[in-house]
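Trainee: Using the supplied hints, reconstruct the complex from the two chains, each of which is provided in its own coordinate frame.
Heads up: the sequence lines are chains Y and R, in that order. Our numbering puts the last residue of the first sequence at 246; the count rises by one with no breaks. Our numbering puts the last residue of the second sequence at 406; the count rises by one with no breaks.
Hints should not be assumed to be uniformly reliable.
Now the stretches of chain R that chain Y is said to cover, found in silico as 3 or more residues with beta-carbon under 8 angstroms [claimed, not checked]:
no. : segment
1   : 320–329
2   : 377–389
Not close to chain Y: a few residues of chain R, all C-beta gaps over 12 angstroms, as computed [what the hints assert, rightly or not]:
no. : residue
3   : L22
4   : L118
5   : N301
If you're looking for bench data, these hints aren't it; they were derived computationally from the structure. Beta carbons: idealized from backbone N, C-alpha and C, even for Gly.
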Amino acid sequence: MTAPLIQLRGISRRYGSGAAELMALDGIDLDIGAGEFVAIMGPSGSGKSTAMNILGCLDTPTAGQYLFKGAHVEALTRDQRARLRRRYLGFVFQGFNLLARTSAQENVELPLLYRGDGAAVRSAAATKALQAVGLGGWEDHTPGELSGGQQQRVAIARAIVTTPAVVLADEPTGNLDTQRSHEIMGLLMELNSAHGITVLMVTHEPDMAAYARRMVHFVDGRIARDEVNPHPVVAAPRAAAAVETT
Amino acid sequence: MLFSVFMLALRSVRRNMLRSFLTILGIVIGVSAVITMVTLGNGATQAIETQITSLGTNLLLVMPGQRGPGGPGAGSGGVPQFTESDAEAIASQIGGVAAVAPQGRASVHVVANGRNWLTTVTGSTNAWFTTGNWKLAAGRMFDPDEQAAGSAVCIIGETVRRELYGGTTGVTGLGEQLRVKQFSCEVVGILSSKGQGGMGDQDDTVVLPLYTLQRRVTGSRKVGMLSVSMEEGADSAPLKASLRQLMRERRNLSEEDDDNFNVFDTQQLAETLSGTMGVLTSLLGAVAAVSLLVGGIGIMNIMLVSVTERTREIGLRLAIGALEGEVMLQFLIEAVVLSALGGIVGVLLATGASYWLSGLMEVPYRFDPSINLLALLFSAAIGVVFGYFPARRAARLDPIEALRHE
Ligand SMILES: Nc1ncnc2c1ncn2[C@@H]1O[C@H](COP(=O)(O)OP(=O)(O)O)[C@@H](O)[C@H]1O
Ligand SMILES: [Mg+2]
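With the rest of the complex left out, here is chain R (with noise of 0.2 angstroms):
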């Protein structure tokens, strides 16, 4: 019997093409909508998440600002930096630290091969490899006597090889020379590639020792951040607070002054952000759901439509014994049968959608099944619903008027 009435379904379905194709328009957009916002949003997070991870796990930034309105990290402007004896003071007296990186940052043109590429130049001392996760491709790491001196010397990312020594791999570069502003410098290493991401290019950047940097560059023996990376399995919790207070004695505030640094956690950035990312990636896909109601609506409206014009069919059926259920299941499973099509077409719809934008928007395309069934589910869910008073209606029907119904 159910088979039968799925059958009478599909055929009342079928015999109405274009009409049954403008009926779950609604939901073929509400449902290729919720999917496709849904798996972007996973991308993006996706993407976000990698990044941080990339920039180096149980690492903490501390860099010079004070808490404003604007949030952390607002106007770093007047606010001292930090010296080289920052980091050492860390390194020695807090537990559980692994590495203190002192970095100081300048954007500089260089020119190689008679090439010219516009770049970051990072100083730093070999505890930036350890905090930074990099690792060298080819070549090595600063000699002690190159950090103590401020040699010439440097170290460069895989996007800075490729734009001024060309050749698609292997260790063009090494040894040759490179332009920094007025000096030019020994590249003695290459970086691993990290790729692309969300985050900027990471493999475009030049590395020099921090004393170089300073001389050459900069013309300040000042720090503009310290990247310092916890111990494996150290609780970051408690190492900031003590950090906290090493920094704030080190710079003379007293019990009332604010702090005029702060501290970054990688690992809580990236919480933050997958979190943000998250309310937004519901917020959307709740958007979305509202056009998956208005398909329900639409749904709705066809098969009160659709009870009207048969009125004399119900008449029919029940007159020659159908029963109040057999009808009303009839309705039901052709509202059904509507709105779990228009999940389908949907569901295809926004695989190819959400495949292809992540591809434009340059995030990873991962295909979540739980958010497609769910959504093939819940638009099933809403055929039962919106075909719900329809279906009684064309069930209680009086088989005597519906069978005179013009």
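The shape of chain Y in the complex, shown without the other chains (with noise of 0.2 angstroms):
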């Protein structure tokens, strides 16, 4: 049996130091294979954030390996791990965080243009994206023009338009309503499930987390829980984006 793609070992990460000193992760192993969609949960300030961009090798743990692919991670200078994400890995945030004043398409183009691709296949794929999460026909539209779930559906064709091998979530759903929500979490599946993208994604929900196929559950800092998802939920995305744009 191959290495799982994702390999934590006795990952901690310190806050602070002295009497302000905090844990806010205290040796964490965990093991993610390829093809998973993992929901990430546990109660405000257990650490699940800061697991989230660890994992996203956006931030160095404190202590422990980080074997992304067999690779460690912890050894990377800041440019190395920056080449490691706009290789691997797609990020949707709680915020969007789309560029404003901004079209759509350029939005999603924009991961392309820093791993140097020409001008045609930056638009042919952010096209592509686009049309994968329901957004074909709106490519001109700038965030202000869009709603909370298309602009989130926006940041995760960005997420995706660079085919990653992991797509990483932090409370994608933290600020759309319910509707939109299960909208979101349908593209999140499906992209796990039609494409094999490992889908990585925190929720304080237990109706989103149910669309996952694993949960683990964080309490200040540990892992409390590891468990499968017996009956993930099953849903109809491309109905749901329907109802929306309509």
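Mentor: Below, the structure is given as structure tokens:
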């Protein structure tokens, strides 16, 4: 059996020092295989975002080892981690983080720009990604002209346009109402099931976590529970998308 | 990649039109001030050089005067003037001299055709045409016997001809009578025009035989100035030295006496004057360049504001895989695009302003490509220098912190 895509060994993340010292993560061990759909859950302040930042190679642990495809991420430089991110990772944020006054098309093209792709390649890939999230025909709209749900779909298109190995989403539905949240979950589920993209998602809503096939519960910087979801939700994302655009 | 980053920078400049315009205003003013100052300074220098050259090249002017605290030429009062024999002695005793013209001058009203004109009347010999670089447009020079007798003949400059006899071109005035003070003289020649210039209108003149001036205008046989033209290729330094020695002897100056006359070298005068103008021009240019620096600080200021405003955007770019250098480059290019834009607008503005101002100041306008290029490059360099700090700050942001920024 091949090694899992992601291996965390004794990962700790300490903030501050002395009296203000805080262990946001305290010796985490976690293996995630390619193609998994994992929901990370837990109370506020339990270290979910800290773990996501380390998993997303945005942050480095203060102790422990992080192997991504067998490479020691904790030993990489800032720019090396940036190269790893643009090659293998896609991000979806709670606050969407789209460039204002910039069309959906250009927002989605952005990661390709940093990969050095030419204009024609960028344009074709971005159009395709927008179609995949049900936003065909919305290419020229700026974030200000889109609803929250549509903005998050643009963000998902931006995350998948590079055909990443892993999509990391920290509370992707945190700013959306229930209806839009289910549409977004349907999209993430489809990414995972239809395209084999590994999805790591933080949520504290059990309804959303129910889409995942595995749930990891954090408490006080440790993994309290790691369980398989025996009956993940299977929704029809296309139908849901149609509801919103009308 | 570079092209895409360039397009990103352009887009961000375009997105904030008003702010971009205000940002580059400092650079625009700085660049146009530098170019205008230098262009006008060069024009003025050129005008002065042309004027001095038109006085006659290889020319030495000998004037009475004491070397005093006021510099050469100060205080000619009480100092003996020259005589015609001084001129003859110089011509015969000093090698390398082409011509010596003894000159007297007076400011006099001249009348003809019922019109009155205040002009400078010069009395001299025919050598004056050589030393002064004058050509005749019409008529003739003075006859030897006219010179000896102090006859009532005169040669007039173009300005005097136009003012008194009218007519745009041609030879009106030739053969006519001209009243100078109490006597009437016949116009036997008309001088070719030397044109207008910063040192006054040289064509505004009437020339008489020296003796005529002495006898009928000044009433004295003294000579106010000697103009000495050197032969082509003559070395001015030894010539000036022997000229000075000769004049000291003729004016009976003892070893310890200071010179009571001055020798000006037009060549040297031209060099000194244009040297002074050059220093002035660089000084003005330098003052203007300070405003360029102020413009640069304006760009840094706005870029820092821009980095702060766009912290989340920078965080996002870093998160999705932008390298430190790429973010840095984007902001640096943005700064350079802004400042170079300011430079271009500045060059355009300066071209208009210096063309207009040189017309106003009556100095020749000459487009100077090197100063324009220099100002452009300098403004772009200002973008690099003052954009560096904000760009580095952007590139070094922590993506997690930046993404959380409100
Ligand atoms: N940059 C930071 N500096 C100091 N403490 C931090 C920082 N980021 C997170 N923490 C702390 O680490 C703990 C875990 O935070 P976080 O991972 O954001 O929790 P969660 O996402 O599960 O709500 C919290 O107590 C939080 O206050
Ligand atoms: Mg969190």
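Trainee: Decide, holds or violated, for the assertion that all CB atoms of chain Y are farther than 12 angstroms from the CB of R/L22.
Mentor: holds, 19 angstroms
Trainee: Holds or violated: the segment 377–389 of chain R covered by chain Y, criterion of 3 or more residues with Cβ-Cβ distance under 8 angstroms?
Mentor: As far as the segment 377–389 of chain R goes, the hint is violated, because 0 residues have Cβ atoms under 8 angstroms from chain Y.
Trainee: Does R/N301 really sit off the interface, with its C-beta more than 12 angstroms from all C-beta atoms of chain Y?
Mentor: holds, 22 angstroms
Trainee: For the segment 320–329 of chain R, do at least 3 residues have a Cβ located nearer than 8 angstroms to some Cβ of chain Y?
Mentor: holds (count 7)
Trainee: Determine whether the non-interface label on R/L118 survives the test: each CB of chain Y must be over 12 angstroms from its CB.
Mentor: Non-interface label stands for R/L118: nearest chain Y Cβ at 72 angstroms, farther than 12 angstroms.
Of the numbered hints given earlier, the model fails hint 2 alone.
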